[in-house]
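S.K.: Each chain, letter by letter, is given below.
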Amino acid sequence: MQRGVWMMSFSMAFAAIRAHKLRSSLTILGVFVGVTTVIWMVSLVQGLDRSMSRQIAGLGANVLYVTKFDMASNEWGEKPRKDFTVSDADAIARGCPSVSAVCPIQSNQGRIKFRLQETTMIRIDGVGASFLDVRNWGVQEGRFFTESEVEAHTPVCVIGTRVQEALFGVVSPLDKEVLVEGTRYRVIGVLEEKGRFLDQDRDKIVVLPFWSFARQFDTRDVAGFILAMPRDGRLKEQAEDEIREVLRRRRKVPFGEPDDFAIGTQESLLALYKKITGAFFMVMVAISSIGLLVGGIGVMDIMLVSVTERTREIGIRKALGARRADILWQFLIEAMTLTGVGGVLGVGVGLGAAKLVDKFTPLPSAAPLWSVLLAVGIACGVGLVSGMYPAFRASRLEPIEALRYE
Amino acid sequence: MSRFSFGRRVAEARVKFVEDFRLAFGTLRANKLRSFLTILGTLIGVCSIIALVSIINGLNRYVAKEIAEEGSATFWVDRFGIITNAEEWMRAMKRRPFDAHDYRSLVEGSTTASEVTARRWRQEGVKFRSHRLERIGILGVTGGYEDTHSLAIAEGRHFLREEADRRQAVVVIGYQVRDEFLGALDPVGKELRIGGRTFDVVGSLAKRGSMLGESQDDLVLIPLSVFEKSFGRSDNLHFVVRAADSSPEGMETAQEEVRAIMRMSRGLAPGEPDDFDIVDSKMLMDLYRSFTGGFFIVMIGIVSVSLVVGGIVIMNIMLVSVTERTREIGIRKAIGARRSDVMRQFLVESALLSVAGGAIGVALGAGLATLIRVTSGMPVQVEWWSVAAGLGLACSVGITFGLYPAARASRLEPIAALRYE
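Going down the list, the protein sequences come from chains A and B. Its first residue numbered 0, the first sequence is counted upward by one per residue in numbering that gives the first Met the number 0. Its first residue numbered 0, the second sequence is counted upward by one per residue in numbering that gives the first Met the number 0.
Just so you know, not all the hints are guaranteed correct.
[Claimed, not checked] Straight line, CA to CA, 25 Å or less: simulated DSS-like cross-link-like pairs of lysine-lysine:
id, chain 1, residue 1, chain 2, residue 2
1, B, 93, A, 112
2, B, 93, A, 67
3, A, 81, B, 15
4, A, 358, A, 193
5, A, 193, A, 112
6, B, 93, A, 81
7, A, 251, B, 93
8, A, 175, A, 235
9, A, 251, A, 274
10, A, 251, A, 193
[Claimed, not checked] Label pairs and their computed distance ranges (CB to CB):
id, chain 1, residue 1, chain 2, residue 2, range
11, A, 219, B, 272, 37 to 47 Å
12, A, 244, B, 130, 31 to 41 Å
13, A, 284, B, 366, 19 to 29 Å
14, A, 24, B, 299, 21 to 31 Å
15, A, 395, B, 340, 38 to 48 Å
16, A, 284, B, 382, 24 to 34 Å
17, A, 278, B, 382, 17 to 27 Å
Everything labelled a hint here was simulated from the structure, so no lab data went into it. Positions of the beta carbon are idealized from the N, C-alpha and C atoms, including for glycine.
So here's chain B without its partners, still in its complex pose:
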């Protein structure tokens, strides 16, 4: 008995619902322009949210990728570390620069690092025949640097540890240098002049693209020993360490060991603060997040305001709709429609308006995101949760703002409604 009645109630509810939808569609079609404008509000709101979330996520992913490319198993040991204000900078400036002794201690003392690269850096003009490029990044690195850097070779090879040890003037050139000097020529075996010394090109790097508007291809790599002979010992020596075990625990152990070795090498007494910093890609990512997180939330909040305004538009139009159809409501009630029936009829209508807006908004937002990906090359991607959130928000906006007009319609007295002119 109870099962039978339950089944019948489900069937009845389905019939009612189908009817509700048919009614709603009929009304929306009857006022095409009005419905379109009403939908437009939600549409713009949802579209902006989807596009914004996609762009923000794309930006985050882009930065994450760029940072991860620097290596998830490597970390930097630097005199400066992450500096966010002038005071930290002043403090770091007072630290003693790293020296060869620190490097030897790390190489000899560390058991958890698979490779330690020492680097120095400066900008200098590079010359090929009569052609000269200004402000090219000259990176002096120790042999074995290919293990601590993710630098793909396009032609030729990396320079070898032996070449670095023998202070041979060899150079691996970045994509941009190769492109501007040699065009389609094979770079291997060509001679470049850097700082008054002639270098043999042994290889060229694959294109790395630009990061935040800065080209990453305008560099050349030379052995650190040759760098020091040409340009002296600048005070920007720093180390890149690759942990043998790349798991988070392995990274932590390696960092702890490196910290201990560095403290010893630099003669720090127990209790004295470190006079160097260890930076890994996770810290960079955290830094980026802390800088941009709040700002992104504010942006999404501001965009959501437009969704609220869209809701207000829906409410307004639904109120108009209720007033216009007072007689219709009166007739429906007179032939037996209950309050809940009328209520549902109008709720379905407003929800339909907002969901339609939401769906088109999602589609347009996704299209906009794709357009940005294609034109800017940023890995903008539509997040499934943002689509779900957009649709859910649109639907709840429709229901929330449809509630009052629907309630008003359902409370109409049939007699009064029929008399309405």
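Here chain A stands alone, though its shape is the one from the complex:
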């Protein structure tokens, strides 16, 4: 078809839509409501996905988690496994050339007190000096403790921003003495703000040197888990293999037996998240598209009416030499224009609603460009599918019969 014919098809479609304003706007409304719901739902799902990915990436892009149990499986509650110790971490640091930094971590909970101010129960971590490297974190004020301070059981600590706000307000916390569960520590730094992860506020934290922590909470040399940073993002798998080798040897796992520990990456966390939520999201999006389906039926209905009403017009066009394809396209374009307009409006309002939700509730939302294009595309597709039968019916009309139609 030449361009002129296309232009004519469009102008005819618009004229037909303008001629029946109320009818067209109701048809568009149906599609619009459907598309709005879908877009809103997709934005919500995308937003949740994206904020999750970002948070997981924030845990450290390449860091490897060495844990006693695989988080993604139900090994928990199986027979108890041997604890990791600081010497395991040291062995990894010595025996794995692809690993650049290793940090044992032990956790507890407690309250921090400064003069009369006291925090709620917050996280207390005992960590090695390479904590910042493996955690992908930094200090915004002061400094982090050194290897020798860890070894010497030095009573120093680094606090999260929420702790700083709660205890010190605008006063500088550096060199102040705080009580961590009753033991005196000197604040030497403040961690950068990290934000929330799931329902955890990661800035409500105080970090102690590993051995100071061990002495206070009597955890000896046991590490809850170990973080290891590969020398390079590409060496991740190699680093994983080396760590596995070292740990199997140290934990005396016989050849052929499965590991009695787990090495996880942020990808495995992400995969776990996708596994848990994937099906659920699919269901939500599928349910929200039922409305769009009904909207499409409305379009088909109205197009059939339109074809019947314009039987004489079709007869005249055919008598004047219009071919089947011309008539077919005329009605298809009309249907697609109806749904396309509904789609564009729906995307607009759906995005607006998603933005509102993003702003006023804790639910995040994000609409990537592809989802917008997809929604408009689907709307036009709905028009194409539901316009197909009426248009086909119109194109098959015999000119003589059509002209005789009353």
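With the hints as your guide, set chain B onto chain A.
M.R.: Quick look at chain B alone, frame taken from chain A:
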């Protein structure tokens, strides 16, 4: 006089109504395809609502049944309780594990409990002859456990209190273990090896099925005393208590008593928080409800959107119908039809469209629910209130969205309508 006139008005109204229906049916039949498509919108909406409500209810019922199966008269005393976030977990980890002293205090001190079972649990390989099953749940329980658990026996018997006290190596095996090891053989008297010790099978459990995708049949029960001898005293000792009086008040009294005994046994000072948790099936159910309730409401809300769209379709088609029949309306008005007559005619038509859609939707939704029950085994059941709500919603959608077209039709001037081409 007044009674007579009232009777006549009723009779007249009935005649009118019958006529309205006949007119509506006639029109709908005249435009079969169009009517079908119009109905289809409401149909899909109602069908989705019915199916969704049935599935959600089936899921709720399924969970309720599974939870109730754990016993409405029993409750658990646990170091962990219900944990929903990492902080609670950290706190629970710091609690002192339960020990035999706690158990003795409960058994000796409680007057409102009819049975207290102590349990330990771990996963271990189980061996029969040369065949080995990995990761079987080994449950070590004290004698009398059959009173605190709903475990039906398929063959043989439960092990006895005396056997447990004498530390006899006896085992009751779950359906899956029995099935994979023995097939059709009689399990009683066979010998299994668990953790390097030989156990005599005294009974096997009836099939319990799976809960949320986890098999509940891959377990064996052995006396707690033997469990401790084989695997040591793990720190996951917990208790299951059966209240003598299973009424809600009885449960509460028993729980209060158990709490008091546990606090004493663990040496908690007054004012100190409990370092253990008591969990019963009602709490589990509440937890499930709080997790899923909001989500289910959102889902039903989203599905209802399609019903609104269906209403819009009805309105649109009714408007077309009014326009097409302008001359007909003019003629009816010219020979004496009043506004209300025309109004009713079109309202009945739109209501008929939506109710027809609703009725077919209910039938299809119910069919879908039944299909899901048959294929998945979930106790999906169509709720009568959801049927009523579906039909009511469909009807009100028809009337609401039919109101404007009907009003427009009724307001047509007869002269203008007759002149309409």
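S.K.: Against each hint, give a clear statement of whether it holds in the structure.
M.R.: Hints versus structure:
Only pairs whose Cα atoms come within 25 Å are accepted, and residue 93(B) paired with residue 112(A) is accepted, the gap being roughly 21 Å. A C-alpha spacing of about 18 Å is found between residue 93(B) and residue 67(A), which places the hinted pair at or below 25 Å, so the restraint holds. A threshold of 25 Å between alpha carbons decides the hint, and for residue 81(A) with residue 15(B) the separation of about 86 Å lies outside it, so the pair is violated. For a cut-off of 25 Å, the pair hint linking residue 358(A) to residue 193(A) stands: about 20 Å separates their Cα positions.
Proposed proximity of residue 193(A) and residue 112(A) is supported: the alpha carbons are some 22 Å apart, at most 25 Å. For the hint linking residue 93(B) to residue 81(A), the alpha-carbon distance of about 18 Å falls within 25 Å, and the restraint holds. A distance of roughly 29 Å separates the Cα atoms of residue 251(A) and residue 93(B); the hinted pair therefore is violated under the 25 Å criterion. Between residue 175(A) and residue 235(A), the direct Cα distance comes to roughly 40 Å. Violation of the 25 Å bound is thereby established for this hinted pair.
About 33 Å separates the Cα atoms of residue 251(A) and residue 274(A), which puts this hinted pair outside 25 Å; it is violated. Distance hint between residue 251(A) and residue 193(A) is unfulfilled; the C-alpha atoms sit about 38 Å from each other, more than 25 Å. For the pair residue 219(A) and residue 272(B), the beta carbons lie near 27 Å from each other, so the given range of 37 to 47 Å is not met. Separated by about 33 Å at the C-beta atoms, residue 244(A) and residue 130(B) satisfy the suggested range of 31 to 41 Å.
In this structure the supplied range 19 to 29 Å holds for residue 284(A) paired with residue 366(B), their Cβ-Cβ distance being about 24 Å. A hinted range of 21 to 31 Å for the beta carbons of residue 24(A) and residue 299(B) is consistent with their spacing of about 28 Å. Taking 38 to 48 Å as the suggested C-beta distance range, the pair residue 395(A) and residue 340(B) conforms, at roughly 40 Å. Checked against the given bound of 24 to 34 Å, the beta carbons of residue 284(A) and residue 382(B), roughly 26 Å apart, stay inside it.
The hinted window of 17 to 27 Å between residue 278(A) and residue 382(B) holds, with their beta carbons roughly 24 Å apart.
Hint violations for this structure: numbers 3, 7, 8, 9, 10 and 11, all remaining hints satisfied.
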